[in-house]
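Peer 1: Chain by chain, the residues run as shown.
Protein chains: 2
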Amino acid sequence: MSKVFVLGHKNPDTDSICSAIVYAHLKRELGMDAEAIRLGELNNETLYALEQFKASTPRLVERAASEVEQVILVDHNERQQSINDIDEVQVIEVIDHHRIANFETADPVYFRAEPVGCTTTILLKLYKEHAVTVPAEMAGLMLSAIISDSLLFKSPTCTEQDVQAAKELAEIAGVDAQEYGLAMLKAGADLSNKTLEDLVSLDSKEFEAGGHRFEVAQVNAIDVSEVMNRQKDLEVLIGDIVATKGLDLFVFTVTDILNNNSEAIVLGRRTDIIEGAFGSEVTDNRVLMPGVVSRKKQIVPVITEALS
Amino acid sequence: MSKVFVLGHKNPDTDSICSAIVYAHLKRELGMDAEAIRLGELNNETLYALEQFKASTPRLVERAASEVEQVILVDHNERQQSINDIDEVQVIEVIDHHRIANFETADPVYFRAEPVGCTTTILLKLYKEHAVTVPAEMAGLMLSAIISDSLLFKSPTCTEQDVQAAKELAEIAGVDAQEYGLAMLKAGADLSNKTLEDLVSLDSKEFEAGGHRFEVAQVNAIDVSEVMNRQKDLEVLIGDIVATKGLDLFVFTVTDILNNNSEAIVLGRRTDIIEGAFGSEVTDNRVLMPGVVSRKKQIVPVITEALS
Ligand SMILES: [Mn+2]
Ligand SMILES: [Mn+2]
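Respectively, the protein sequence lines represent chains A and B.
To convert, note that position 158 of the first sequence is 158 in the UniProt record's numbering; the numbers rise steadily by one, no gaps.
To convert, note that position 123 of the second sequence is 123 in the UniProt record's numbering; the numbers rise steadily by one, no gaps.
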């Protein structure tokens, strides 16, 4: 059997990288010539996890079709989030925990999506279903992904299945989930090597609602004030983006990963909806969002409804 | 929790009906208020299976939204094959073994598709994963679906997993798979209450290739000559369909379920490709197809290639 690539989404997060490495391992154990690849640069958090568990960095690959005929997608299924030449290869499997969209095949495939907080929670089930032993390094990577996607079990996307999987994986990996998790999140929240341009662009997504276009950027931090002290410079950058893209609203969110709150800088002509949407006053373009950590579940739906 | 409908595809076959009944059972065991429904009339084969295992016929439902907010799809995922008001309800799960197309959700769902021969082969795994005991009646229905979809393990769509599942299920159901399977297929091949119009329309699907449109009907029979003796009348009906729909080719296939061969009546202006495609002579609009039983794997791809 010829080689198969296992790959996560573009702008890879810890789940996308770790799931690719781990699932490639499982598939090799099952006799497939599988190689994990990545579609972009690793963030600080992922680098920390790979180093902790002595995993090598997957190869950066921009086009698959010159090397393989078949690929396996993890942590995504939408074509536009996948490798650029996805239409030139055959997708033989998908393991994911996101909504399903823009996905179509000519033949039956193995497609396993579950509404859990992290892809590796599903991968742990697959190891068990195939009765393959989970090595400590793989357990460590799976645990790292769950901690990352769930913000140490605090995100509303986190399910009981994720918590149970993490407990099991921490034991196999021989680490304390809380202690290791906090260290990993802190490594990811190390903003010292980031420019202000990085902060507003690295993890930013655009959305549409009621004919309005809005963008929500998110940065994890240990010390929120460290970022907010540079509000005036950030506002210049964000104002440029709003003008260039013709956005109606930009929400630059800084999430306090220790206390599980967020604070945001809001700009654009529809900042009027922010107070009503989040029940907090906007002062000097800033708003506190107590208990808010998930863009997907706590920010985007609220703004979407307010604008619709 | 409010009620959830479990449903198979339109023009239901044995897998769609049995999977709905069986998965609704499993979900009820897991605490969900699940009801199996059907989107159309039962065929003779399915009636036989339900009677053998004392299962009641699911209720015929044409619109879901007036009764439930959520549905589970089995044995299909494409919207056009599903209940008419599918866009007005939320799909919370899909269990299927077909290609994935025309499917999209707003939120993460449980989507389990595997490239096996039958949906109930996957359902048996789900019983095991949830550690729920399979009752004899449910085992009988699952076995019936596998026998139906695999034509008693003879179809090229049948996998080793389907064969193993059937073996296990026959034991639980307390029947001999070969003996029961043949009886069930014979019940389905009883054409005595079918009109000629039924034969050319009940299981007929239209396709497109290379700018040509073709249709392939399939009828299972014990005695192929019983059908072929009425060739002249069938040709009049088929000729009408070809003219009305403007088809380039119509392949009316009669499959001998005892000997696993097919014979077809072919009409239309592109019958010229049939000899080359199947390597058999066309005489008096008829062609023998030795070893051919699967429309999906052995007829449609061959014609598609010949026309492209
Ligand atoms: Mn993920
Ligand atoms: Mn089926």
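Just to be clear, a hint being listed does not mean it is correct.
You can't tell identical chains apart in this list, so a pair holds if it fits in one copy or across any two.
Below, computed lysine-lysine pairings styled on DSS-like, alpha-carbon distance capped at 30 Å [unchecked claim]:
no.: 1; residue 1: K54; residue 2: K297
no.: 2; residue 1: K128; residue 2: K194
no.: 3; residue 1: K3; residue 2: K297
no.: 4; residue 1: K3; residue 2: K296
no.: 5; residue 1: K297; residue 2: K10
no.: 6; residue 1: K245; residue 2: K54
no.: 7; residue 1: K10; residue 2: K186
no.: 8; residue 1: K154; residue 2: K205
no.: 9; residue 1: K205; residue 2: K128
no.: 10; residue 1: K3; residue 2: K205
no.: 11; residue 1: K128; residue 2: K54
no.: 12; residue 1: K3; residue 2: K194
no.: 13; residue 1: K232; residue 2: K54
no.: 14; residue 1: K154; residue 2: K245
Since the hints were made in silico from the structure, they are not lab data.
Bear in mind that the values here come from a model prediction, so they are computed numbers and not experimental data.
Peer 1: How would you label the pair K10, K186 (within, between, both, or neither) given a Cα cut-off of 30 Å?
Peer 2: within (23 Å within a copy, 53 Å between copies)
Peer 1: Can you give me the call for K128 and K194, within, between, both or neither, at a CA distance of at most 30 Å?
Peer 2: Classified as neither: same-chain Cα gap 40 Å, cross-chain 49 Å, threshold 30 Å.
Peer 1: Checking K154 and K245: alpha-carbon separation at most 30 Å within a copy, between copies, both or neither?
Peer 2: neither (33 Å within a copy, 59 Å between copies)
Peer 1: Could you place K232 and K54 in one of the four classes (within, between, both, neither) given a Cα distance threshold of 30 Å?
Peer 2: For K232 and K54, the Cα distance exceeds 30 Å both inside one copy (41 Å) and across copies (74 Å).
Peer 1: Have a look at K3 and K194 and pick one of within, between, both or neither, based on CA distance no larger than 30 Å.
Peer 2: neither (37 Å within a copy, 51 Å between copies)
Peer 1: Indicate which option fits the pair K245, K54 if close means a Cα-Cα distance not exceeding 30 Å: within, between, both or neither.
Peer 2: Answer is neither: 42 Å inside a copy and 64 Å across each miss the 30 Å cutoff.
Peer 1: Checking K54 and K297: alpha-carbon separation at most 30 Å within a copy, between copies, both or neither?
Peer 2: neither (33 Å within a copy, 46 Å between copies)
Peer 1: Tell me, please, which holds for K154 and K205 at an alpha-carbon limit of 30 Å: within, between, both or neither?
Peer 2: within (22 Å within a copy, 50 Å between copies)
Peer 1: Could you place K3 and K297 in one of the four classes (within, between, both, neither) given a Cα distance threshold of 30 Å?
Peer 2: between (37 Å within a copy, 25 Å between copies)
Peer 1: First find the shortest C-alpha distance between K128 and K54 inside one copy, then the shortest across copies, and answer within, between, both or neither for a cut-off of 30 Å.
Peer 2: within (23 Å within a copy, 35 Å between copies)
Peer 1: Could you place K205 and K128 in one of the four classes (within, between, both, neither) given a Cα distance threshold of 30 Å?
Peer 2: neither (35 Å within a copy, 40 Å between copies)
Peer 1: Quick one: K3 to K205, C-alpha cut-off 30 Å, is that within a copy, between copies, both, or neither?
Peer 2: neither (33 Å within a copy, 36 Å between copies)
Hint compliance for this structure: hints 1, 2, 6, 9, 10, 12, 13 and 14 are not met, and every other hint is.
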